[in-house]
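Asks: Residues per chain, in single letters:
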Amino acid sequence: MAVCVAVIAKENYPLYIRSVPTENELKFHYMVHTSLDVVDEKISAMGKALVDQRELYLGLLYPTEDYKVYGYVTNSKVKFVMVVDSSNPALRDNEIRSMFRKLHNSYTDVMCNPFYNPGDRIQSRAFDSMVTSMMIQVC
Amino acid sequence: MEGLTLSDAEQKYYSDLFSYCDIESTKKVAANGRVLELFRAAQLPNDVVLQIMELCGATRLGYFGRSQFYIALKLVAVAQSGFPLRVESINTVKDLPLPRFIASKNEQESRHAASYSSDSENQGSYSGVIPPPPGRGQVKKGSVSHDAVQPRTSADQQEPASPVVSPQQSPPASPHTWRKHSRHPSGGNSERPLAGPGPFWSPFGEAQSGSSAGDAVWSGHSPPPPQENWVSFADTPPTSTLLPMHPASVQDQTTVRTVASATTANEIRRQSSSYDDPWKITDEQRQYYVNQFKTIQPDLNGFIPGSAAKEFFTKSKLPILELSHIWELSDFDKDGALTLDEFCAAFHLVVARKNGYDLPEKLPESLMPKLIDLEDSADVGDQTGEVGYSGSPAEAPPSKSPSMPSLNQTWPEMNQSSEDTAIVHPVPIRMTPSKIHMQEMELKRTGNDHTNPTSPLLVKPSDLSEENKINSSVKFASGNTVADGYSSSDSFTSDPEQIGNNVTRQRSHSGTSPDNPAPPPPPPRPQPSHSRSSSLDMNRTFAVTTGQQQAGVVAHPPAVPPRPQPSQAPGPVVHRPVDADSLITHTSTSPQQIPEQPNFADFSQFEVFAASNVNEEQEDEAEKHPEVLPVEKASDPASSLRVAKTDSKSEEKTAASAPANVSKGTTPLAPPPKPVRRRLKSEDELRPEVDEHTQKTGVLAGVLTSQPPLPRSVGKDKKAIQASIRRNKEANTVLARLNSELQQQLKDVLEERISLEVQLEQLRPFSHL
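In the order they appear, the protein sequences are chains L and X. In terms of UniProt numbering, the first sequence opens at residue 1 and continues consecutively. In terms of UniProt numbering, the second sequence opens at residue 1 and continues consecutively.
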């Protein structure tokens with residue numbers, strides 16, 4: 001269901017970005033990039049005092065006519081951005097949350113790998129397979 | 001088992017015989033079949049044969065591994081030469097002729113014997129470095145003959161990629177046996193349930209079938225023979241050479257280690273290790289790995305931290321990406337540290353990779369950490385027998401195993417979705433070790449997230465698929481109402497999902513109609529939407545309940561629990577008022593609205609049944625309450641609380657039933673599920689009410705210690721709870737039955753509707769006239 005999944009580092013460069021192979025994948029990259037502004041806005045809106053209570057799931061960042069962009073940020077300011085197809089009306093908020101949860105889990109597993117240097121691109125096969133499963137879900 | 005020194009000719013001969021006997025290519029030969037035939041052909045007395053079998057360890061193991069087989073053959077040679085059979089004799093007796101087997105195949109073997117001895121000098125000329133190739137088979141194959149060619153001394157400096165294409169030297173006679181071997185392995189390969197080597201077994205199967213036809217041009221073709229030979233040799237060389245290869249990479253380590261590695265490598269060389277699948281760790285390898293582990297972490301039960309492991313494995317000069325993947329595979333519990341088992345698995349994978357094996361996508365079963373001290377490991381006995389270190393894995397993880405169960409609990413908490421764990425996922429099941437590890441991998445993940453795709457679990461896929469199907473069905477069914485429901489009840493997301501899933505799961509279980517799991521057509525829509533709305537109702541009722549509870553507890557601890565009301569409220573047919581509680585009559589009005597809906601003849605029966613359950617409960621409560629009430633001076637406020645609660649409930653009921661009545665006019669489909677949901681709600685309400693009641697009675701007991709009836713009430717309380725649980729269960733089953741009946745009704749009605757619509761369409765043209 002997800003059309004594009006991206007993991008953005010704290011410094012706002014992509015650690016991992018993957019889209020459903022279509023023509024003009026660059027538009028997804030562009031959407032992710034523009035969504036970073038919205039993410040930052042949401043983070044700052046929560047207030048610095050509430051950083052502990054801030055929820056990781058940001059929700060719908062912004063919708064376009066074809067797609068919706070959802071965001072999730074971890075406590076270490078690593079952002080997950082997911083672009084989903086709007087044509088699927090039954091995609092519930094909970095499912096998006098669960099997808100982000102899975103992403104987060106896989107991301108922590110990648111982090112636990114001592115051979116992974118934080119800040120590198122994520123090249124883990126397990127992570128890839130997890131993202132693939134999210135992108136090719138039965139609708 | 002002590003090392004076995006084989007000459008080159010002996011090595012070839014024995015391996016040939018082994019592959020001849022190993023018709024299934026399992027690398028272990030059962031004691032019956034060809035082996036017995038062979039031994040009989042050796043023309044030795046039976047007791048000698050038995051003695052041989054015992055000496056080589058086959059009886060201990062139950063089968064002939066490659067090493068056992070070789071030792072047996074050697075002993076046969078010893079026996080045939082007239083020497084006494086002793087374990088030491090296999091190495092001490094020099095210049096033994098090759099064992100003679102006089103049977104139907106003996107000409108071939110004797111021919112082989114002759115050819116091998118003559119070929120031994122030819123072997124040397126072919127030792128060259130052939131780049132690892134299309135198949136790792138080349139590597140494997142090469143290493144065996146490599147063993148035969150090279151003396152056992154230079155353990156450390158050999159490169160893995162030097163397959164010697166010795167079979168090219170084999171005389172025309174050998175193709176007979178080779179052909180047999182090729183056919184067998186190709187048959188055997190397909191049967192092999194290997195996780196990792198699976199991918200490259202099949203290419204070899206194909207290669208063999210292709211090459212078996214080309215026996216005539218044997219010597220001319222280099223690719224087929226090596227592949228076939230590789231298959232027939234198949235196993236060990238990776239293990240035998242794996243060991244020495246790694247020492248090459250750790251040359252800069254302590255001398256002790258290199259000496260140890262050299263000795264172990266020599267041992268390996270001498271004694272062709274036997275294993276079933278390429279991923280199995282032999283005893284010697286395991287010992288080596290354990291020794292390496294000790295150099296990093298003296299405590300075998302401890303962990304190797306990630307940084308130390310990283311340094312260690314980086315020395316193997318594999319690319320970081322591959323090391324990273326190896327780590328992912330071997331760190332089973334994903335804690336960033338390696339236990340002994342994990343370390344051995346990782347080491348084994350590194351060694352395998354250095355020998356040209358591709359890394360598997362998933363950890364092979366034989367490499368999984370053996371947590372056999374977890375319960376229900378039925379298959380462990382077999383595995384522990386095969387892996388020589390069964391003892392230590394059992395103890396090595398005990399330090400981890402207590403943490404394993406805790407892992408299962410901590411992981412769900414780590415994922416901020418602990419509320420999902422209760423319902424969405426089945427109970428973590430500990431089963432056989434393989435399942436255990438899969439389980440743990442699963443449980444580590446989202447801790448029961450139902451949409452977790454990361455591990456294709458044995459048990460889970462059914463539930464996962466069921467959940468997915470349920471979700472998909474729910475998704476199909478849910479329209480805008482659901483979406484709104486969710487957006488509005490964002491804070492209740494866990495509960496509705498939980499309840500919804502509970503409901504949907506129940507539905508899918510109970511439904512006799514096959515369409516339940518994934519109803520594509522829109523008509524089933526109302527049901528899930530009802531579930532949503534009802535679950536939202538439940539949230540409200542829970543809020544009310546908790547509110548009431550708090551108020552009751554805070555203001556009047558000894559207040560009589562408002563138990564009778566909610567049990568009454570959902571009870572649509574409350575015909576028996578309880579004497580002690582006049583308030584119940586208030587509730588009797590609201591439920592009566594429900595029976596007005598005409599479609600539920602079935603349901604009324606159910607209501608009566610449920611009401612009888614409920615009423616029985618109430619009577620139990622009522623007995624207690626008269627005891628308590630007279631004591632309570634705060635009964636009035638309690639009753640007022642109860643009234644308030646009842647009113648709220650009745651309001652909800654009216655609200656729920658009103659839309660039901662309205663929708664009834666529009667769609668006959670809408671009402672059916674509603675009472676079902678309400679019934680469910682009642683059951684769910686009853687449970688918290690039960691809990692609430694027990695709390696209240698507990699408080700009562702605490703406060704009114706002087707009251708003699710109290711112990712009795714507590715005891716009765718337990719019984720009452722058990723009885724109510726029983727009744728609830730019965731109600732559940734009835735509900736399920738009812739559900740299925742309603743589904744059936746629904747389908748019938750749908751068909752009617754469709755037929756009516758068709759008729760309408762047909763009649764429409766005439767309306768214009």
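Since the hints were derived computationally from the structure, they do not count as laboratory data. It is possible that some hints are incorrect.
Label-pair ranges, simulated between beta-carbon atoms [as the list claims (entries may be wrong)]:
hint : chain 1 : residue 1 : chain 2 : residue 2 : range
1    : X       : L321      : L       : S76       : 46 to 52 angstroms
2    : L       : E41       : X       : K729      : 48 to 54 angstroms
3    : L       : D85       : X       : L321      : 29 to 35 angstroms
Positions of the beta carbon are idealized from the N, C-alpha and C atoms, including for glycine.
Asks: Decide, hint by hint, whether the structure agrees.
Replies: Hint by hint, here is what the structure shows:
1. Between X/L321 and L/S76 the Cβ separation comes to about 24 angstroms, which falls outside the hinted range of 46 to 52 angstroms.
2. For L/E41 and X/K729, the Cβ-Cβ distance of about 52 angstroms falls inside the hinted range of 48 to 54 angstroms, so the restraint holds.
3. In this structure the hint that L/D85 and X/L321 lie 29 to 35 angstroms apart at CB holds, the actual value being about 32 angstroms.
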